[in-house]
Amino acid sequence: MTKKKHPQRPSRPLYDNPVSKWIDKRLPVFTFIRHSLDEYPTPKNLNWLWNGGSLAGITLLIMIISGITLGMHYNPDPADAFNSIERIMRDVNYGWLIRYIHVNGASFFFILVYLHMFRSMYYGSYKAPRELLWIVGVLILLLMMATAFMGYVLPWGQMSFWGAKVITNLFSAIPVFGDSIVQWLLGGPNVDAPTLHRFFVLHYLLPFLIVAFVAIHLICLHQFGSNNPSGVEVKKSEDQIPFHPYYTVKDLYGLTIYLLVFAGFVFFAPNFFMEAVNYNPANPLVTPPHIAPEWYFLPFYAILRSFPDKLGGVIGMFSAVSVLFFLPWLDRSKIKSAAYRPMFRPLFWVFILNCLILGWIGQKPPQGWYLIIGRLATLYYFAHFLIILPVVGWLERPLTVPSSISEYCKREHNRRKK
Amino acid sequence: MIRLFIIFILIISPPCLADATTRPPEQTHWSFATPLGTFDRSAMQRGFQVYKEVCSACHELSHIRFRELSALGFNDKEIKAIAADYSIKDGPNDEGEMFDRPALPGDSFPNPFPNEQAARASNGGAFPVDLSLIIKGREDGANYVHSLLTGYGSAPTDITLFEGKSYNPYFEGGQISMPPPLVDGQVTYVDGTPATVDQMSKDVVTFLSWASAPELEARRQMGLKVILYLIVFSMLMYFVYRSVWRNVK
Ligand code: HEM
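Top line first, the protein sequences correspond to chains A and B.
Just so we're aligned: 9 in the working numbering is position 9 of the first sequence, and the numbers increase by one with no gaps anywhere.
Just so we're aligned: 74 in the working numbering is position 74 of the second sequence, and the numbers increase by one with no gaps anywhere.
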């Protein structure tokens, strides 16, 4: 509970000066700001995992700004792409900084978004009434994957080229039209100049689509507000606090810590997430001994390779993402937070472990034990969504859920004292 | 279709039909390997001498311009003199002819061969890679190149060397088309350091590490400041956060 009572309509110079009022009458921006900062009620018990969303938004902004700056010096021509990146690294003022921010930003973006999704799974945030919020999130993930895949092709290193070749060739598994589709995607029979050029254009475009989807994501969010660690919806005014200043300062504090870790990588281990092979210019005649995608695709890559035939693998990989769209209806339990779901809670951690195993298998050759483990993990991945979640929702006897968020906070307070 | 099939086999099949014979690189201590480490200037200068007198006969260094050698501690006059030792194909002139001229500080190191085919033709079909990015372009690059340069030896009896190949256990497959490039006393260092193979190799690796990441020292200096700033800023934000939230139960 907050000791001081917060006025519902704080009077602030920002809103109450004549200019703001004049503008607001014609274009209600200040009403919008007031609504989303001062009046937007937020559960008071959000933990640090709820910082992920705002951090991902800021990372998207960082990616766009650093990306546009790179785009000013980058040349999407196979003969010069690799060299233009080296010119950025060596000749452009602080070009190395901009590029390392962009490269590491991509990995950090995925770390945040995966954490954000696992958070939503643990606390049941995808359940009614937030199903669309979740679905828009999965669409954002798909757009991010497309963007990152095409971005990785741009420096035109060995892995850029061969990654593009292997992934676009997957589409040839589609019956009848496969080969024509691949040709259409590449703009020719091979990964070549037209491919690189269109990937650059699309890599520039998609992030702005992501911005649009993030806006939709936020509109969905503001309809019912955030879920929270108790999984109980806000019931009374003492369950909540205004977003500003409480969560603005919490998000800002989180941001400084995030930037600290980010700067550690950018300045002291900038190539940590990168493959050394990609510092060798693309060579269509020499296949690298070991082709693996960026770490954030490894679990899906493992699923792709677990199937004995190519078409099966492609369908399996796309299903692995698509199944997420149906998650709100596959989970039959009405209880949101895993804290009150004694059967789901351990199974959630098994699911995480399984994802990590898939990621590990994704970088191993698909043979011997690796292949067997990969297949079992793939099976388990789908079983988690299609069998375990529905059945557990039905079998489970949940613990008593707190009657309200305030009640939850009291419980937590007492628990911590002990 | 066959091509697609082959590519598919390549992803599905064991990535390295790799020989377990390739030895992992030996670990050496490098002054630039620690988080705040810097390049040893005299090692860089000696390494440059090794590159210039030995490696540059076969290997390009295309991403480095002569003027960038100022990072090694050379002054403008010395750089002009170094550049003037190389000849650059320029043109066409007003008569439409190509001509040779001495290199200027703004030129990149010239390619020792006119094209890839010529390079392969004089190296038994193998291509001497551009060394500008060799350290970044190999896993554990500095240790790898050092191990490679010092790791030549006679082949074990169960290995038959192909024509024109030398045995080097650190090279993938164990057989390399580069003949041992360094022998003791190959260069005469101006600072009097004894030119052992190990010494020359360490020096040239230091030079090439700089060539791969010339921004390294500036990056670490800036990183230190950024991190210190963020530590102070995050502590301030922590206190703001605590004071705003103190009433929330
Ligand atoms: C959703 C946000 C974005 C993601 C996830 C992303 C991801 C990536 C990735 C993984 C790379 C390859 C880096 C490398 O290995 O060198 C890359 C490169 C690149 N990106 Fe982005 N990017 C994003 C936004 C943007 C935007 C908005 C632009 C420009 C408007 C842009 C322009 C570029 C350029 C020019 C490169 C090539 C330079 C380089 O490889 O360092 N990116 N991006």
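Read the hints as simulated data drawn from the structure, not as lab findings.
Backbone N, C-alpha and C define an ideal beta-carbon position, used for all residues, glycine too.
Just to be clear, a hint being listed does not mean it is correct.
Simulated DEER-style distance windows between Cβ atoms [what the hints assert, rightly or not]:
1. Gly188(A) x Gly91(B): 42 to 48 angstroms
2. Asp309(A) x Asn115(B): 42 to 48 angstroms
3. Glu97(B) x Val201(A): 36 to 42 angstroms
4. Pro35(B) x Val29(A): 41 to 47 angstroms
5. Val248(B) x Trp394(A): 35 to 41 angstroms
6. Glu139(B) x Trp369(A): 21 to 27 angstroms
7. Pro180(B) x Gly312(A): 32 to 38 angstroms
8. Glu26(B) x Gly312(A): 40 to 46 angstroms
9. Ser62(B) x Tyr94(A): 21 to 27 angstroms
10. Glu412(A) x Gly37(B): 32 to 38 angstroms
11. Ala121(B) x Trp369(A): 41 to 47 angstroms
Here are the simulated DSS-like pairs of lysine-lysine, each with C-alpha atoms no more than 25 angstroms apart in a straight line [as the list claims (entries may be wrong)]:
12. Lys89(B) x Lys77(B)
13. Lys225(B) x Lys249(B)
14. Lys364(A) x Lys52(B)
15. Lys249(B) x Lys418(A)
16. Lys249(B) x Lys417(A)
17. Lys235(A) x Lys249(B)
18. Lys235(A) x Lys127(A)
19. Lys236(A) x Lys310(A)
20. Lys310(A) x Lys235(A)
21. Lys249(B) x Lys236(A)
22. Lys89(B) x Lys410(A)
Please test the hint of 21 to 27 angstroms on the beta carbon pair from glutamate 139(B) and tryptophan 369(A).
holds (24 angstroms)
Does the hinted range 32 to 38 angstroms hold for proline 180(B) and glycine 312(A) at CB?
violated (50 angstroms)
That 41 to 47 angstroms hint for alanine 121(B) and tryptophan 369(A) (C-beta), does it hold up?
holds (46 angstroms)
With a cut-off of 25 angstroms on the C-alpha distance, tell me whether lysine 310(A) and lysine 235(A) pass.
Violated, at about 51 angstroms.
Given the hint that lysine 249(B) pairs with lysine 418(A), does the C-alpha gap stay at or below 25 angstroms?
holds (17 angstroms)
Need the status of pair lysine 225(B), lysine 249(B): alpha-carbon distance at most 25 angstroms?
violated (37 angstroms)
Is the hinted pair lysine 364(A) and lysine 52(B) satisfied, with a Cα-Cα distance of at most 25 angstroms?
Distance ~41 angstroms between lysine 364(A) and lysine 52(B) Cα, so the pair is violated.
Is it true that the C-beta distance of glutamate 412(A) to glycine 37(B) lies inside 32 to 38 angstroms, as the hint says?
violated (46 angstroms)
Does the beta carbon distance between valine 248(B) and tryptophan 394(A) stay inside 35 to 41 angstroms, or does it fall outside?
holds (38 angstroms)
Given pair status - lysine 410(A), lysine 89(B), alpha carbons within 25 angstroms
Violated, at roughly 80 angstroms.
Return holds or violated for the Cβ distance of proline 35(B) and valine 29(A) against the range 41 to 47 angstroms.
With a Cβ separation near 46 angstroms, proline 35(B) and valine 29(A) satisfy 41 to 47 angstroms, so the hint holds.
Given the hint of 42 to 48 angstroms, check if glycine 188(A) and glycine 91(B) actually sit that far apart at their C-beta atoms.
violated (34 angstroms)
Hints 1, 7, 10, 13, 14, 19, 20 and 22 from the earlier list are contradicted by this structure; the remaining hints agree with it.
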